Amino acid sequence: MTTPVLAVEGLDVEFPSYGEAPVRALHGLDLSIGEQEIVGLVGESGSGKTTLARAIMQLVPPPGRISQGSVSFEGRDLSKLDEEQLRTLRGRAMSMVIANPRSELNPLLTVGQQIGNILKYHTGCKGRELRERVIEMLKEVRIPDPERRYDAFPHELSGGMAQRVVMAIALICNPRLVISDDATSGLDVTVQAQVLELLKRLAERHRTAMLFITRDIGITAHFCDRVAIIYGGEIMEIATRARFFANPMHPYSVLLLAAFSHNPKLRSYWLKEGEAAAEARPAETGCPFAPRCVRVREHCRSVHPELRELEAGHHVRCHFPVERRA
Amino acid sequence: MRLLSYLGQRLLFVAPQLVGILFVSFLLVKLIPGDPAVLMLGPFATPDGLARLRTELGLDRTVVEQFLIYLGNVVQGDLGTSWQTTMPVTSDLAQRFPATLELVTLGLLVALAIGLPLGVAGARYKRGLLRTGADYYGLLAGALPDFWLGLVLIYVFYTMLGWAPAPLGRIDFAVIPPEPVTGALLIDSLIAGNWEAFRSAAGHLVLPVLTLGLINAGPILKMTQATTERMLDSDFSRYAELCGLPRKVVVAQALRNALPSVITIVSVLYGFLLGGAVLVEIVFSWGGAGQYAVQGVLNADLNPVLGFVLYSAVLSLFIYLIVDLLYFLIDPRTR
Ligand SMILES: Nc1ncnc2c1ncn2[C@@H]1O[C@H](COP(=O)(O)OP(=O)(O)O)[C@@H](O)[C@H]1O
Ligand code: SF4
Ligand SMILES: [Mg+2]
Chain A
336 MTTPVLAVEG LDVEFPSYGE APVRALHGLD LSIGEQEIVG LVGESGSGKT
386 TLARAIMQLV PPPGRISQGS VSFEGRDLSK LDEEQLRTLR GRAMSMVIAN
436 PRSELNPLLT VGQQIGNILK YHTGCKGREL RERVIEMLKE VRIPDPERRY
486 DAFPHELSGG MAQRVVMAIA LICNPRLVIS DDATSGLDVT VQAQVLELLK
536 RLAERHRTAM LFITRDIGIT AHFCDRVAII YGGEIMEIAT RARFFANPMH
586 PYSVLLLAAF SHNPKLRSYW LKEGEAAAEA RPAETGCPFA PRCVRVREHC
636 RSVHPELREL EAGHHVRCHF PVERRA
Chain B
34 MRLLSYLGQR LLFVAPQLVG ILFVSFLLVK LIPGDPAVLM LGPFATPDGL
84 ARLRTELGLD RTVVEQFLIY LGNVVQGDLG TSWQTTMPVT SDLAQRFPAT
134 LELVTLGLLV ALAIGLPLGV AGARYKRGLL RTGADYYGLL AGALPDFWLG
184 LVLIYVFYTM LGWAPAPLGR IDFAVIPPEP VTGALLIDSL IAGNWEAFRS
234 AAGHLVLPVL TLGLINAGPI LKMTQATTER MLDSDFSRYA ELCGLPRKVV
284 VAQALRNALP SVITIVSVLY GFLLGGAVLV EIVFSWGGAG QYAVQGVLNA
334 DLNPVLGFVL YSAVLSLFIY LIVDLLYFLI DPRTR
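Those protein sequences? They're chains A and B, same order as listed. Here the first sequence stands for residues 336 to 661, where the numbers follow the numbering used here. Here the second sequence stands for residues 34 to 368, where the numbers follow the numbering used here.
Hints in this document: simulated from the structure, not taken from any laboratory. Be aware that one or more of the hints could be misleading.
Unchecked claim - Heads up, simulated DSSO-like pairs for lysine-lysine below, C-alpha to C-alpha not over 30 Å straight-line: (1) Lys281(B) to Lys455(A); (2) Lys455(A) to Lys474(A); (3) Lys159(B) to Lys281(B); (4) Lys159(B) to Lys455(A); (5) Lys159(B) to Lys415(A); (6) Lys474(A) to Lys535(A); (7) Lys461(A) to Lys535(A); (8) Lys281(B) to Lys415(A); (9) Lys455(A) to Lys535(A); (10) Lys461(A) to Lys474(A); (11) Lys281(B) to Lys461(A); (12) Lys455(A) to Lys415(A).
All figures in this text were calculated on a predicted structure; none of them were measured in a lab.
Only chain A is shown next, with the shape it has when bound in the complex (with noise of 0.2 Å):
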């Protein structure tokens, strides 16, 4: 087999709070994707997605921290990095589509300046060949009229071409790993699906892997190659989408499911959590999800899940997964 793009093993993120338990924000986490692979990870706010871009990027805020496990790039451990091999990496081998880009561009810089920088600071270009390859780069992310864009403050550009700017960020040193992070929640619908359609081709135009981060099930069943289900800082279930939109086992992605469903029993069996349940943290002994998982039994409290295989290339986090109905 060839060494995957991203191999993430067995990470652990924590946050140390004042005077408590440190927060674990990512516990035990496991996922590897290959070349060109796109894998959607799913999860509710909360559940530890942008903590797992972050410390995949190598950058957890401070002063949360990689307690244990390992990133590996391109077969090579981050952590045996400098800071300055690090930042070589970042934002040209692997790179951000971030979410809410108005806020993330810097105000005071132009279109053109800001993806001009990382051209420049990562690769040397300058002069005129740079501003033509950034104007190439804005006629692929279809922004209209890039001649006048490259000189348009972040203040002029509606929600949608920011995120667009910000996908010319990403992609402009042709990086092997993109990892998206929400990018489309902040849009509207119809934009959210150019956008989104853009992005998926892109990532195919340019032969990057990427990491496709939503809270939103439904864009992955279009999107993906696998799909991963994060809840409470842990894999739950991992799966090609075939197989997962198939076969889903486990009862969280049963449940975030169900709510597409059309048939009424189905989805009250599965929704039936009250808002109560719905609130309720992830439990720290036993399975995560327990205190709101409709198929608990004593078992699940006490003894925590692991990930296991339970079809080729299928990996489910529960000790009574859900069976395929005849």
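Given chain A's structure and the hints, the job is docking chain B with the ligands onto it.
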């Protein structure tokens, strides 16, 4: 376009603003105890003489009347005379205001040269010797009175080491000063090509400028550090870091975003120091505008005080205008 209409609005308000400032100062000055007539005529004045002088000075009219008369003269370029110097206030200030301006401008440049790099370095390295040093410096500069530092510098560099000239004005008595053009000795001696005067004036500037610079670097340092640090913690800096921009570039961008605050504090200090540098002026016998105004207050010599207020107000308005222009340049959102 927005810039032009903004400038137009700004200029439209200059005159009313100035009249307002003058009126308030006029009232305040009238509140100062002390009868100018008594002070002018001295202990042997007769009641008759006093009454005549009061009428002559218009002191028997209402304050509003007095103000209107004063205003009418100001509009014609007449700021009255100082009974202490017996000179027109305009000619007194023509000499003294540039002296203060030269001192304060250079002092703030030195303050910037110290405070800006230290502030940026402090923001960049949140821990370490440099940051600790910067913090202590900020504390110390905030706590020391400027005139005291001036005295210490005089003691060390004039009395002990003899490196600095005597703290007695802007230029050696033996040196012929250049023909006044701008009033700033450095510039005027350059214009005149008078090197001896330039050297002497520069030598006299060193200690008072250093005094103002060292003290006022404190607030500039604090503001630069706090704002740059906030910018480094903000979304766009974290994003720049995620994009792998070199740390140097990230810090430079943060500083650029912090510049409006730095400009603001410098402009505030500038306006303040026009009068606020008076103790330093006294320590160095500078003969500046602040000293002139304080003498006026102490001796119920009102015209110099009002003249000083007017000049300072005009200059401050001008500075704030420049500050706004700089904001325009720096921040596209204001355009
Ligand atoms: N800066 C932080 N300080 C403290 N705790 C944090 C911080 N960032 C994240 N966490 C913790 O990590 C958990 C996961 O957060 P995050 O990765 O942002 O989730 P998501 O992106 O899935 O919404 C949060 O519930 C919180 O407990
Ligand atoms: S282990 Fe138990 S509680 Fe956890 S998801 Fe499976 S059935 Fe539910
Ligand atoms: Mg998030």
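Results of checking the hints against the structure:
{"no.": "1", "hint": "Lys281(B) to Lys455(A)", "result": "14 Å, holds"}
{"no.": "2", "hint": "Lys455(A) to Lys474(A)", "result": "19 Å, holds"}
{"no.": "3", "hint": "Lys159(B) to Lys281(B)", "result": "15 Å, holds"}
{"no.": "4", "hint": "Lys159(B) to Lys455(A)", "result": "28 Å, holds"}
{"no.": "5", "hint": "Lys159(B) to Lys415(A)", "result": "24 Å, holds"}
{"no.": "6", "hint": "Lys474(A) to Lys535(A)", "result": "16 Å, holds"}
{"no.": "7", "hint": "Lys461(A) to Lys535(A)", "result": "29 Å, holds"}
{"no.": "8", "hint": "Lys281(B) to Lys415(A)", "result": "23 Å, holds"}
{"no.": "9", "hint": "Lys455(A) to Lys535(A)", "result": "26 Å, holds"}
{"no.": "10", "hint": "Lys461(A) to Lys474(A)", "result": "19 Å, holds"}
{"no.": "11", "hint": "Lys281(B) to Lys461(A)", "result": "18 Å, holds"}
{"no.": "12", "hint": "Lys455(A) to Lys415(A)", "result": "26 Å, holds"}
Every hint from the earlier list agrees with this structure, and none is contradicted.
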